[in-house]
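Starting from the given sequences, assemble the full structure and let the hints guide the process.
Counting with the numbering used here, you get residues 0 to 225 for the letters of the sequence shown.
Derived by calculation from the structure, the hints in this document are not laboratory data. Please note that a few of the clues may not be correct.
Below 35 angstroms or equal to it, Euclidean Cα-Cα: the simulated DSBU-like pairs (lysine-lysine) are [what the hints assert, rightly or not]:
no.	residue 1	residue 2
1	K65	K202
2	K65	K189
3	K99	K189
4	K189	K202
5	K99	K65
Using C-beta positions, here's what the derived DEER-type ranges look like [unchecked claim]:
no.	residue 1	residue 2	range
6	Y53	Q204	14 to 22 angstroms
7	D193	G36	26 to 34 angstroms
8	A190	S34	41 to 49 angstroms
9	E66	S188	36 to 44 angstroms
10	G36	G186	45 to 53 angstroms
We treat Cβ as the ideally placed atom computed from N, Cα and C, and that holds for glycine.
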Amino acid sequence: MIRIAVIDDHELIRHGLEYLLHRHEDLQVVLRGSSVGDLRGFDAGYDVLILDLYLAEDRPCLAAVKELSAVTRVLIVSASGRPADVLAAIRCGANGYVTKDAPSELIVAAVRTVAAGGFYLSAGLADILQSELDDNTRPPAGADGSEGGAGGDSAGDARPRLSAREEETLSYIAQGFTHAQVGRRMGVSKATVDTYVERIRAKLQVGNKAELTRAALNRLERRDRP
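What follows is the structure, encoded as structure tokens:
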């Protein structure tokens, strides 16, 4: 049984999510609340927290995402699909992000994936992330191999150096693709992707897929800096 807490400032959304999830025997909503404060004092425990990114405010609750993701698995279910919101939530530790207009079966799949320790992005958001990563993992203009290296690392850049194929692998892993799916997109075997991922983990000193995702976004963020 996957135990779920739902925090959303709209009562209709809270009831709707509970109705949707209770239709599945392996899912149970154990807490519904309108604010993060409703989680305090709840000792029964839960496996996944479904959290709205905007709680009665015009700013995303990123501080809460960061705090809560340190102690539980957080799935953002938000009306916002803005790239800045998606990227910021993931950087703060969210284990998944789904928009509220996603089909119900995708929300259920996201809950199960996050509960199992995975990372989930709905397809449209994965496209956003891919675009951001593509724009920021290309070698700098004029790079000819004599300056910098694969992935655009320069001599003065302290980031671990990844090969072009490792950068490409990392961008796909960040979107939640399995190793087999990555292999099909890159035209290589799953075993080759496994090797790329092991190298990436060793170089970046990360473990699971969520950590790999955040590593990709951290590289993106540092490349954005002047």
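Outcome of the hint check:
1. K65 x K202: holds (25 angstroms)
2. K65 x K189: holds (33 angstroms)
3. K99 x K189: Roughly 33 angstroms between the alpha carbons, so the hint for K99 and K189 holds.
4. K189 x K202: Cα-Cα ~20 angstroms, so holds.
5. K99 x K65: The given pair, whose Cα atoms are some 21 angstroms apart, holds under the 35 angstroms limit.
6. Y53 x Q204: 14 to 22 angstroms: Since Y53 and Q204 have Cβ atoms about 34 angstroms apart, the given range 14 to 22 angstroms is violated.
7. D193 x G36: 26 to 34 angstroms: violated (44 angstroms)
8. A190 x S34: 41 to 49 angstroms: holds (48 angstroms)
9. E66 x S188: 36 to 44 angstroms: holds (41 angstroms)
10. G36 x G186: 45 to 53 angstroms: holds (50 angstroms)
Going through the hint list in order, the structure does not satisfy hints 6, 7.
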